[in-house]
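Colleague: Each chain, written out:
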Amino acid sequence: MDAPRSDRNPWYWLLVVPVVVPLIPALFNSIEPRLFGIPLFYWLQLLFILLSVSITILVYRRTRA
Amino acid sequence: MSGHITEIIIFTTLFVLVSGMGFVASRWRRAENLASLHEWGLGGRNFGSWITWFLVGGDLYTAYTFVAVPALLFGAGAMGFFAVPYTVIVYPLVLLILIRLWSVSHVHGFVTPADFVRARFGSPSLALLVAITGIVATMPYIALQLVGIEAVLKTMGVSGDLPLIIAFAILAAYTYQSGLRAPALIAFVKDILIYVVILVAIIYIPAQLGGWGSIFDAAQAKFDATPAPGDGILLNANNQLQYVTLALGSALALFLYPHSVTGVLASRNRDVIKRNMAALPAYSLLLGLIALLGYMAIAAGVTPIGRDVNTVVPQLFDRMFPDWFAGVAYAAVGIGALVPAAIMSIAAANLFTRNIYREYLRPDATDAQEASVSKVTSLVVKIGAVLFILLIDPQFSIDLQLIGGVIILQTLPSITLGLFSRWFHRVGLIAGWVAGMSAGMLLLYNIANPAIDHAHFGGSAFPLEKLGLDTKMTIYAGFLALIVNLVVAVLGTWIARAAKVADGPDATSPDDYYADANDPRVRDLEITGST
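Protein chains in written order, with our numbering: chain A, 1 to 65; chain B, 1 to 531.
Warning: the hint list may mix true and false statements.
What the hints assert, rightly or not - Beta-carbon label-pair distances, calculated as ranges:
#1 A/17 with B/516: 44 to 50 Å
#2 B/369 with A/9: 56 to 62 Å
#3 B/376 with A/58: 44 to 50 Å
#4 B/50 with A/58: 35 to 41 Å
#5 A/64 with B/360: 30 to 36 Å
#6 A/9 with B/364: 39 to 45 Å
#7 B/6 with A/14: 49 to 55 Å
#8 A/58 with B/323: 19 to 25 Å
Said to hold, decoys possible - Derived, one-sided and incomplete: chain A residues facing chain B with beta-carbon distance under 8 Å:
#9 11
#10 13
#11 18
#12 23
#13 27
#14 29
#15 31
#16 33
#17 38
#18 44
#19 46
#20 53
#21 57
#22 60
#23 64
Everything labelled a hint here was simulated from the structure, so no lab data went into it.
The C-beta atom is built at its ideal place from N, Cα and C for all residues, glycine as well.
Chain A with its partners taken away, still in its complex shape (with noise of 0.2 Å):
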């Protein structure tokens, strides 16, 4: 309570990553491989949700106040 706080802490840097990957077109907009009959472009941009998630929650157990 007395030492300055701040939300300087590494781990939130990791949140540059699911912030960028889903902006990558060249990473997803193709139609093969298919997973189930799904065109890549939309089963790995869902998949990307997964990323996402994963990382918040790591960076919020290592960040928790």
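Position chain B against the provided structure of chain A, taking the given hints into account.
Modeller: This is chain B only, laid out in the frame that chain A set:
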């Protein structure tokens, strides 16, 4: 109408049940009294992780989203899927921003984003601009929730304006009585219904249509057959930039909307917000799956009622599901409209009360007076939304909503950047806002869309060749406008500093941005024991 009796009965029953919950909500997590904005407008600022998850989820993923996103895929294909990267990047992007906003608001008792701007930059004028931007951007959004209900009613064969008016009158009544507690409680039912409907839909419907492979093949065949160059089940070289900037711009804009801020400020502490940033993407998965309903509608051969593409999803349900389950699905969409409409009207009302009424009309207003002004304003806002839909072409609301995204983004330098830095001068921020707004309007004015007979305001994809660039690429207009805004804000700040124009005082201190639930609030120092 007779063919839809089962659907109508189930829809009405669930709707009435939920409305009852809305009225009971005023007694839920009972407060001493509801006569302050912290109670009526923010539910006591004490929501835990679960309630916040349902509330914010119910707030951001609206009925209109659930109807409009698949309609976008139905019409244009891959471009409509931007909603997925948008709602994936938004949470990691805003996590650090929101915990700072929560802390400083907790310490100073801010209810709206404009409250913060007022204190940070010592400028009532800038706060007024932020408040007006918020209200103008939110109003068409509320109106659009009615479009969601309308699409469902149309499919059930219910015509006339009366059912729509009744639905909104009930909503207005319980929001008036219970404040933010009503949508928070209803959000539980709404979200559970939506999750059930979508899980069933994505398993049951593809099985009926011959699997995912044939659904995408049908979509591709449809887009191959149309003359439009921009559609298809993949992006092309010309719309990738639009896809990326639209996702990023929308993500930056989302938590500038006053209703999103309301949901965040109502949470109990910083950890609740962090936990929710990890948990809210569950709704993004849901949204991604809902988006694919647009392709299922293509494969099922659904055609829109009239020219209203928003009816494709309700029609898909009508065709594929047994009547009783279609009724449940419609109720999910209908109730899904009530939660965000309630929160949005509360947020718009709070902006009016705090940043216009108290600032300019009645500076000595008491907590109780603030709460009663907000309650009445929330009614006015909803009546306005209904009139909007009934009297003016709904397409106009859709256009306005598009503009709303572009203009709310222009408050980013004052709110988001303001949370991290006090570098900007209030004159620079005001100049940037004016420049960004003008640029945004000019860009949107110059976007044509022959598909909906619009020579102007036809979409958000601005063709770069209109700026003299030799390319067919398009970019999100809001993104360009924000760049103009930032450049002018920086220049304006330099000029104001050089000319020694007086800067406003900063009422916040650096420590305020890290405060947590147990830390003292400015308010507690004045009156102890009021909360």
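Colleague: Looking at the structure, which of the earlier hints fail to hold?
Modeller: Numbers 1, 2, 4, 5, 8, 9, 10, 13, 16, 18, in rising order.
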